[in-house]
Structures are given as structure tokens and as C-alpha cells.
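Keeping their order, the protein sequence lines are chains F and L. Numbering-wise (my numbering), the first sequence opens with residue 1 and increments by one. Numbering-wise (my numbering), the second sequence opens with residue 1 and increments by one.
Take the hints with a grain of salt, since some may be wrong.
To be verified - According to the in silico footprint, chain F covers these stretches of chain L (three or more CB under 8 Å from chain F):
1. 46-52
2. 117-127
3. 132-143
4. 149-155
What the hints assert, rightly or not - Ranges between beta-carbon positions, derived for each pair:
5. L:R89 x F:R77: 17 to 23 Å
6. F:A65 x L:R168: 50 to 56 Å
7. F:A65 x L:A149: 44 to 50 Å
8. L:A92 x F:L78: 26 to 32 Å
9. L:E119 x F:V59: 50 to 56 Å
10. F:V63 x L:R117: 53 to 59 Å
11. F:R22 x L:R121: 42 to 48 Å
12. F:D80 x L:D62: 25 to 31 Å
13. F:R24 x L:N78: 34 to 40 Å
Said to hold, decoys possible - Not the full set, but computed from the structure, chain L residues with beta-carbon under 7 Å of chain F:
14. A27
15. F30
16. A61
17. Y87
Hints in this document: simulated from the structure, not taken from any laboratory. Beta carbons are placed, not taken as given, at the ideal position from N, Cα and C, and that holds for glycine.
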Amino acid sequence: MSDEQRLQDLFAEVDAPPGLDRWRERIADVHASHEPVGPDGGTVTELRPHKRKTRSFAVAAAVVAIVGLGGTVVMSRLLDDAPPAGPMIIDGPGRSTTPPSTTVPTTTTTTPVPPSSTTGP
Amino acid sequence: MSSRVLPEDAAESRTRPFEQVYRDHAARVFRYCLSQVSNRGDAEDLAADVFAAAFHAFAGADVPLEAEPAWLLRIARNAVIDHRRKYSRRSALVARFLGGATEADPRVDVEGEVVMRDEVRQVIAAMAHLSDKDRTVLGLRIAAGLSYAEVGSVMGLTDHAATMACKRALARLQRHMGVTA
Numbered sequence: 001m002s003d004e005q006r007l008q009d010l011f012a013e014v015d016a017p018p019g020l021d022r023w024r025e026r027i028a029d030v031h032a033s034h035e036p037v038g039p040d041g042g043t044v045t046e047l048r049p050h051k052r053k054t055r056s057f058a059v060a061a062a063v064v065a066i067v068g069l070g071g072t073v074v075m076s077r078l079l080d081d082a083p084p085a086g087p088m089i090i091d092g093p094g095r096s097t098t099p100p101s102t103t104v105p106t107t108t109t110t111t112p113v114p115p116s117s118t119t120g121p
Numbered sequence: 001m002s003s004r005v006l007p008e009d010a011a012e013s014r015t016r017p018f019e020q021v022y023r024d025h026a027a028r029v030f031r032y033c034l035s036q037v038s039n040r041g042d043a044e045d046l047a048a049d050v051f052a053a054a055f056h057a058f059a060g061a062d063v064p065l066e067a068e069p070a071w072l073l074r075i076a077r078n079a080v081i082d083h084r085r086k087y088s089r090r091s092a093l094v095a096r097f098l099g100g101a102t103e104a105d106p107r108v109d110v111e112g113e114v115v116m117r118d119e120v121r122q123v124i125a126a127m128a129h130l131s132d133k134d135r136t137v138l139g140l141r142i143a144a145g146l147s148y149a150e151v152g153s154v155m156g157l158t159d160h161a162a163t164m165a166c167k168r169a170l171a172r173l174q175r176h177m178g179v180t181a
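Whole structure, please, built from the sequences with the hints as guidance.
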């Protein structure tokens, strides 16, 4: 017999203690169903966990809330007719909020000047 | 209303009541927990936690009959990891404020082990000195009696890697127990 098998046999002698049944007390939502079994009319208790539906409800509610919130924000942006940001010319170019440009145009387009000839033909 | 299915039925594995799963695997899960925490009271608590968690997961898990041991032991392994984490955190706090030896020192609750044979106690005490991985592997293989493939399934290892891990861990355990191979 191998050492591994010998150790397995040693552990196999350890039985589950009755205190292990405490797991039943730790379950809050136990659904116990009693069914008649056999001709003697005895009953058996079967524990079955409830199907958890609360999570799907919570997810659906969260999705609705997020979509609703997003829709509200988008609609408020669309319907909001706030003036565009930026300088506004109120009373002509001289009174605009932005100072008039003082730079001299640096265009160097030179018009050909005809040579002045003082001497006539 | 639950349906009662005959053992011959091929669909039995899908509709087994949890009560039956508990009866078949209670001892296996308890032995694994005992091998990991070295204390009968803690092992009882831990195994009860495992079955409570398994009960809630069972409805949506659709566990085939042949996969039940590995499925339960995977839950048990996670419960043990959580237990160790809490235990080490608590012992670190105790060590910081009170000083001296920490609770993390591997000890066996010998007083409460009157129904256990001396050999089992010695094995559990020796396992407490192994690394977490060795201890887990040996707990699954020796205490819970899983096959190498099932050990691999729980640990996320291939069959070959699980086999090698079990053999190496067993050799280290024997060294701790003073047994020459």
C-alpha cells in the first residue's frame, strides 16, 4: 500500500461532526418543501434555494436610471439657447470689446513707380 | 415543486437535490477544512460556511454529478483562503498591540481531538508547517480524496502538473514527519 493511500485511509476515518448541520441556520431564505414519500406516508424535507431575481431587477432599474439621466442631460443641452461665447460687437468696430488692431499691414506689394524724368524730350 | 428523479435517469445529475449533495460530500469537505486550519472548531465553522455558500450557488450552477466534488472543494478552497487572510490580519494586529508570538504560528488544537487518531493528528500537525500550496494540494488529494484530475481542476493545473505537485508535497510532508521514502 502506498504512503498516499495509507494517508487517505487515515483521513477517511474522520467523520463529519453533527455541528456541520449549522449551514442550514446560516441560510436566510430556505425554501422547504414537504413531499409524501412511499406507502407509509412519511415526509421528506427538501431544501432548495430560491432563484434570485432581485439582481436582474436591480440591473434593469440601474439601466433605466442611467438612460433617463443621460437623456435628460442631452435634452437640456439641446434646448438650452445660451448665447455663444466670444467677443460681441455692440456698437461698431470702434466699441468692440476687443481692441482694434494696431498693426500695420506689412504687405510689400510695391506698385511700380514710373521713373520721374525731369528732362523732357 | 421539486421533481424526484430515479438514479437510472440520465438527467439525475442536473436535478439532484442539494440535501443529497450535502450528505454525500459533507465528510469530504470537513476533512479538507480540518487539514487546512488544524482546528476542529474552525474546520466545522468553515465547512458550514462552505455548504451555506454552495447552497446559494447551487441553483444557478447546474453542476453535473461527477463534477460535484471539485465544485464543492473549489468553494472550500476559497473559504480557506479567506479564513487565512482574516486570521493573519487579526494575528498581526494582536502581535502589534500585545507583542510576543503571533496567532499565525501553526498550532493544533489537541485538546479537542479526542475522537481523532494520533496518526491523523500528527499528519495535520506536520501539514501546518508546509507552504500554503503544498498544504492545499495535500488537503485535496489526501484529506478530501480527490483524483489528480480533480485536484488540477480545483487548483487550475493540468493533470500532470497536479500529479507532480501532489508527489512533491507528499515528499516534503514525509520529511517533516521524519519518514524516509
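Hint by hint, here is what the structure shows:
1. 46-52: holds (count 6)
2. 117-127: Since 4 is at least three, the answer is holds.
3. 132-143: n = 3 at 8 Å, threshold three: holds.
4. 149-155: With 0 residues closer than 8 Å to chain F, the region 149-155 of chain L misses the three-residue bar; violated.
5. L:R89 x F:R77: 17 to 23 Å: violated, 49 Å
6. F:A65 x L:R168: 50 to 56 Å: The hinted range 50 to 56 Å holds for A65 of chain F and R168 of chain L, with Cβ atoms some 54 Å apart.
7. F:A65 x L:A149: 44 to 50 Å: Distance hint for A65 of chain F, A149 of chain L holds at roughly 47 Å.
8. L:A92 x F:L78: 26 to 32 Å: violated, 57 Å
9. L:E119 x F:V59: 50 to 56 Å: holds, 53 Å
10. F:V63 x L:R117: 53 to 59 Å: About 58 Å separates the Cβ atoms of V63 of chain F and R117 of chain L, which means 53 to 59 Å holds.
11. F:R22 x L:R121: 42 to 48 Å: violated, 24 Å
12. F:D80 x L:D62: 25 to 31 Å: violated, 52 Å
13. F:R24 x L:N78: 34 to 40 Å: Cβ of R24 of chain F to Cβ of N78 of chain L: about 21 Å, so the range 34 to 40 Å is violated.
14. A27: Interface hint status for A27 of chain L: holds (4 Å vs cutoff 7 Å).
15. F30: Nearest chain F Cβ about 5 Å off; hint holds.
16. A61: violated, 10 Å
17. Y87: Violated, about 20 Å.
Checked against the numbered hints given earlier, this structure breaks hints 4, 5, 8, 11, 12, 13, 16 and 17; the rest are met.
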